[in-house]
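Dock chain B against chain A, hints included.
2 protein chains.
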Amino acid sequence: MINTKIYNKLNYRKTLGAISNFKISKNVFEFNKNYGTKNQSAYQQSRSILNNPARYTIKQTTRFQSSIVSGVNRNTLKTVSVDDLAYFKEILPETGILSTEHLGGNNEDADLLKYNTGLLIEHLGNSKVVLLPTTTEQVSKIVKYCNEKRIGIVPQGGNTGLLGGAIAYNNEVVLSVSKMNKIRSLDTDSGALVCDSGCVLENLNTYLDDYGLIMPLDLGAKGSCNIGGNISTNAGGIRYLKYGTLHGSVLGLEVVLPDGRIIHNLSTLRKDSTGYDIKQLFIGAEGTLGIVTGVSILTAKKPSNVSVALFGLKSFEDVLEMLRISKVKLGEILSAFEFTDRIIMEKVLPILKKANPLGSEHMYYVLMETSGSNREHDEQKMTDFYELLSEKNLIENGILAHDESQVASIWNIREMMTYGLTSSGDTYAFDLSIPAYLMEKSIFDFSDFLKNEGLYSGIPDTYTDPKHVVKFISGFGHMGDGNIHLNVVVDKYNDDLTHKIEDFVFNYTKNLKGSISAEHGIGVIKPRFLHYSKSEEVINIMKKIKNVFDPNGIMNPNKVLPQ
Amino acid sequence: MINTKIYNKLNYRKTLGAISNFKISKNVFEFNKNYGTKNQSAYQQSRSILNNPARYTIKQTTRFQSSIVSGVNRNTLKTVSVDDLAYFKEILPETGILSTEHLGGNNEDADLLKYNTGLLIEHLGNSKVVLLPTTTEQVSKIVKYCNEKRIGIVPQGGNTGLLGGAIAYNNEVVLSVSKMNKIRSLDTDSGALVCDSGCVLENLNTYLDDYGLIMPLDLGAKGSCNIGGNISTNAGGIRYLKYGTLHGSVLGLEVVLPDGRIIHNLSTLRKDSTGYDIKQLFIGAEGTLGIVTGVSILTAKKPSNVSVALFGLKSFEDVLEMLRISKVKLGEILSAFEFTDRIIMEKVLPILKKANPLGSEHMYYVLMETSGSNREHDEQKMTDFYELLSEKNLIENGILAHDESQVASIWNIREMMTYGLTSSGDTYAFDLSIPAYLMEKSIFDFSDFLKNEGLYSGIPDTYTDPKHVVKFISGFGHMGDGNIHLNVVVDKYNDDLTHKIEDFVFNYTKNLKGSISAEHGIGVIKPRFLHYSKSEEVINIMKKIKNVFDPNGIMNPNKVLPQ
Chain A
1 MINTKIYNKL NYRKTLGAIS NFKISKNVFE FNKNYGTKNQ SAYQQSRSIL NNPARYTIKQ
61 TTRFQSSIVS GVNRNTLKTV SVDDLAYFKE ILPETGILST EHLGGNNEDA DLLKYNTGLL
121 IEHLGNSKVV LLPTTTEQVS KIVKYCNEKR IGIVPQGGNT GLLGGAIAYN NEVVLSVSKM
181 NKIRSLDTDS GALVCDSGCV LENLNTYLDD YGLIMPLDLG AKGSCNIGGN ISTNAGGIRY
241 LKYGTLHGSV LGLEVVLPDG RIIHNLSTLR KDSTGYDIKQ LFIGAEGTLG IVTGVSILTA
301 KKPSNVSVAL FGLKSFEDVL EMLRISKVKL GEILSAFEFT DRIIMEKVLP ILKKANPLGS
361 EHMYYVLMET SGSNREHDEQ KMTDFYELLS EKNLIENGIL AHDESQVASI WNIREMMTYG
421 LTSSGDTYAF DLSIPAYLME KSIFDFSDFL KNEGLYSGIP DTYTDPKHVV KFISGFGHMG
481 DGNIHLNVVV DKYNDDLTHK IEDFVFNYTK NLKGSISAEH GIGVIKPRFL HYSKSEEVIN
541 IMKKIKNVFD PNGIMNPNKV LPQ
Chain B
1 MINTKIYNKL NYRKTLGAIS NFKISKNVFE FNKNYGTKNQ SAYQQSRSIL NNPARYTIKQ
61 TTRFQSSIVS GVNRNTLKTV SVDDLAYFKE ILPETGILST EHLGGNNEDA DLLKYNTGLL
121 IEHLGNSKVV LLPTTTEQVS KIVKYCNEKR IGIVPQGGNT GLLGGAIAYN NEVVLSVSKM
181 NKIRSLDTDS GALVCDSGCV LENLNTYLDD YGLIMPLDLG AKGSCNIGGN ISTNAGGIRY
241 LKYGTLHGSV LGLEVVLPDG RIIHNLSTLR KDSTGYDIKQ LFIGAEGTLG IVTGVSILTA
301 KKPSNVSVAL FGLKSFEDVL EMLRISKVKL GEILSAFEFT DRIIMEKVLP ILKKANPLGS
361 EHMYYVLMET SGSNREHDEQ KMTDFYELLS EKNLIENGIL AHDESQVASI WNIREMMTYG
421 LTSSGDTYAF DLSIPAYLME KSIFDFSDFL KNEGLYSGIP DTYTDPKHVV KFISGFGHMG
481 DGNIHLNVVV DKYNDDLTHK IEDFVFNYTK NLKGSISAEH GIGVIKPRFL HYSKSEEVIN
541 IMKKIKNVFD PNGIMNPNKV LPQ
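Sequence lines, in order, name chains A and B.
Oh and the first sequence: position 112 is 112 in UniProt numbering, straight run, nothing missing.
Oh and the second sequence: position 14 is 14 in UniProt numbering, straight run, nothing missing.
In isolation and in its complexed conformation, chain A is listed as follows:
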């Protein structure tokens, strides 16, 4: 629905001769109609493209920096034998085990493919046994047995990670929590939700909707990812700006330790000051310290009004100034501030077969979301904000979306951006935390580096030398949280190039005291880069803590920690 009040106010600005033009655009409706986001979430669309079987054969894949899956040294752990499988059959029903024939199982390799392949080309596991328990006690029995026999276990949720953290590269047992998907309790007063770790994020939101609540995180993979996996990778996503880190919203965890003991710590308390907060260690541990089987999390009141706006701006300075003003003027209702450069917009729109929703091209774009409890107030704040932006000549154009389908259609552009990259060539995708004001500079410096190395002309899609293998560089991301997704698209991956690019980007990030993984974890790809973000002292403490929990090293071997 178009809000005529705002519309008139904005038109009023227009007649006053403001340069900017904040359109409640019919484009949004067209865009939405064609893409039908009302009944099909943006994620599902992305997923259907990504799930194209051809993706394993075409070159357009994304790599998280490295063509080399590191740390996958064959370890000393035992692989599953026929006897072991027989034991698992005592614990789990037939439907709870997938295993191949040579172990006395009933399945083809193909049946296990779903658990052995992730989203990216590096994600190719070789597990012969996938266990699908439905209770914490089953998990405990399995883990206890594996610990005694020194069998490696790879815990898995929705298998939507990008760093290979849930892939069994050494024929470990895959223990999927995906069949543990019951909601255990909801305190509608406090908002504390207790559920199994295998619950799909989107399903939790659907459940909560009846009670006027929402999950405190949201991400592109919501239709498949499990809450246990979100917690284990310390996932970020698009609600982070408003609801903050999982370290704050997770109230308690039930965890099966690597020796099979169960930590029953599903506290629903908001406040607890009784010594070391052990559960924090499992947030971001990617299953290397134990398997999260139950989750207690603080949900939030569902905002009664969500608005999304897309703006076009002429410079990064203007984007920065807009971010500053948005924090003051929109304050408590600002829930997302995403920026992107023009290149990615030019790449993603043709894939979506759509014109630019603004009807005009800009140097930078900002997608902004507000979530509040009073529509009239929120719209007034947004209008005041818009008027201030106009007075300061900060924006060149803008559209505002109110209803759910409009909102989804604009978010869809944001969520499809990665595909805009991978459709153009092999992509090195970085997930960095750096200060917001340095984001443009980081893109420029990266570009200069590649130019000086003779790998890039410095102008997107332009080649003045046969050695120019870089097609373009592009940055977008959660600017409000200081999280940039920095990408370089090349003709074809090669190891020399990979090392050069990684070396530059990680050193650059280290010099800015940034994070080499803002929201996607470490998995199997980044342990050898961990030292760029963590000091030797901290890595040593991490190793000692790993040893406290998992002295036999059976739990998600070779993940997170460097060798």
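Hints may be right or wrong, so weigh each one.
No distinction is drawn between identical chains; accordingly, a pair holds when it is met within one copy or between any pair of copies.
Said to hold, decoys possible - Capping the alpha-carbon separation at 27 Å, the derived lysine-lysine pairs in DSSO-like fashion look like this:
1. K327 to K302
2. K513 to K301
3. K392 to K301
4. K392 to K302
5. K510 to K182
6. K242 to K329
7. K182 to K513
8. K467 to K451
9. K441 to K543
10. K141 to K114
11. K141 to K544
12. K513 to K141
13. K89 to K182
14. K329 to K78
15. K141 to K179
16. K242 to K302
17. K441 to K513
18. K492 to K353
Please keep in mind that the hints were generated in silico from the structure rather than gathered at the bench.
Quick caveat, the model's predicted, so the values are computed rather than measured.
Quick look at chain B alone, frame taken from chain A:
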């Protein structure tokens, strides 16, 4: 300033015959004028009363449950010798050491009294050496030496804790960070503040004020407490409802480990997904794993409008319903929801020599605060909220305070409540997390228990049997966070009574899966009660983690962990 718009609206309700009467009361002004809170914070008032030297001789003291300081077994650590002191003199200037004559120092025991006495009667330490370093390197050298020599260290900040966590009971060295009080940096865009751990909370707020920012926590002791101590006890306080736990807002810590190594982890990043989040362990560790010397914390935009209202209600059911409605109607601007029963109000007002600001007596009182970015919107939301409460007959009376001094004067009543108890007799004060809807029931059940034990008549200040040692029971607290301060005031402490009361309250809390310490930590008083809130598995892991960091056990011995 009285907001006439709201005033008229509320009067309008009144003329419609609403039972409730939401007064913008002149009482508030009177109250404020007499107490002069404009130039003297409520805390300072409380402090001046609590600092009365007589408090160590009079019986009106508060005990956190136990008359027995537990876990203070003499340990095997060395105490400081003349040689040790000579070494400390190489590291620190004369002004950085307080020590008594027998060690070759220049001070009387009295000079060390400030560091050897806390707020409560149990807090009497016996340290002969207080070290006051000004740099992290000095801390590191001191700690390294003490570790080699096996000298126990008690880290101390503002020494405002209530559980004796910062008191040296076994003649350990007190290492006070209070002279480390520099602000290191502020990123005004992201709000990341980096400072020394000895900065006083209120000073940080004063500094931030110029940049339109505030600290994400606030507590009664703000004029003395240090941010390092807040983090080490995982402090809660009155902004918790809006800004949440320190586990979410602390971005990084600089910590001197028990072997003297320094963890430089003053990240200013909002997002970081690079493995185990080690800094989380120090939040709530009360200095048992290392000494926090530097802090990076996410500050919040200072709300441009803060309003505080005090309501009188007839029943706890109405308080609960009001809490539910406030979360929906006030949403993102609700920043505090405190409740109290009538008894504490009757006790505290005479001490403040004031009439009830509502001009009427009620069964329950609610103090509610909103903090928002737009005064007009906030007041509209508060008015809508008030009107809904009136329609539902949920409130009997109310006053609304807008300007800073009015707000402070109402908060002052809340902050003085503990003194309302201790002026009436010896007080057992519990700091519990339990579900909000069970708070009244917990008071009733506690009352019934004491009645059945023959210790209480069941009616406040009424004695029908000579064995009635209990004067009254009272509950108040941060209801919006599920944190109740449950108190029993008795004629005089005795150990038998102490054990009976503790046993009942802690078992009761355990049965509700509550926390025996919501926001005040464990210190030296509660380690032996830890098992009521933490399972054996978790306590074992805590001990192992302590051993990873501090194998020699020099760091704050006998605190937090049970023997």
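Taking the hints in turn, this is what the structure says about them:
1. K327 to K302: both (21 Å within a copy, 11 Å between copies)
2. K513 to K301: Cα proximity of K513 and K301: across copies only (24 Å, versus 35 Å in one copy).
3. K392 to K301: between (34 Å within a copy, 22 Å between copies)
4. K392 to K302: Classified as between: cross-chain Cα gap 23 Å, same-chain 33 Å, threshold 27 Å.
5. K510 to K182: For K510 and K182, the Cα distance is within 27 Å only across copies (25 Å; inside one copy 42 Å).
6. K242 to K329: both (15 Å within a copy, 18 Å between copies)
7. K182 to K513: The answer is between: 21 Å across copies meets 27 Å, while 41 Å in one copy does not.
8. K467 to K451: Answer is within: at 11 Å inside a copy they meet the 27 Å cutoff, but 89 Å across does not.
9. K441 to K543: Neither: 35 Å inside a copy, 47 Å across copies.
10. K141 to K114: Classified as within: same-chain Cα gap 24 Å, cross-chain 55 Å, threshold 27 Å.
11. K141 to K544: For K141 and K544, both the intra-copy (25 Å) and inter-copy (24 Å) Cα distances are at most 27 Å.
12. K513 to K141: For K513 and K141, the Cα distance is within 27 Å only across copies (26 Å; inside one copy 43 Å).
13. K89 to K182: Answer is within: at 23 Å inside a copy they meet the 27 Å cutoff, but 62 Å across does not.
14. K329 to K78: neither (59 Å within a copy, 58 Å between copies)
15. K141 to K179: within (16 Å within a copy, 53 Å between copies)
16. K242 to K302: both (12 Å within a copy, 16 Å between copies)
17. K441 to K513: within (15 Å within a copy, 51 Å between copies)
18. K492 to K353: Within one copy only: 26 Å inside, 80 Å across.
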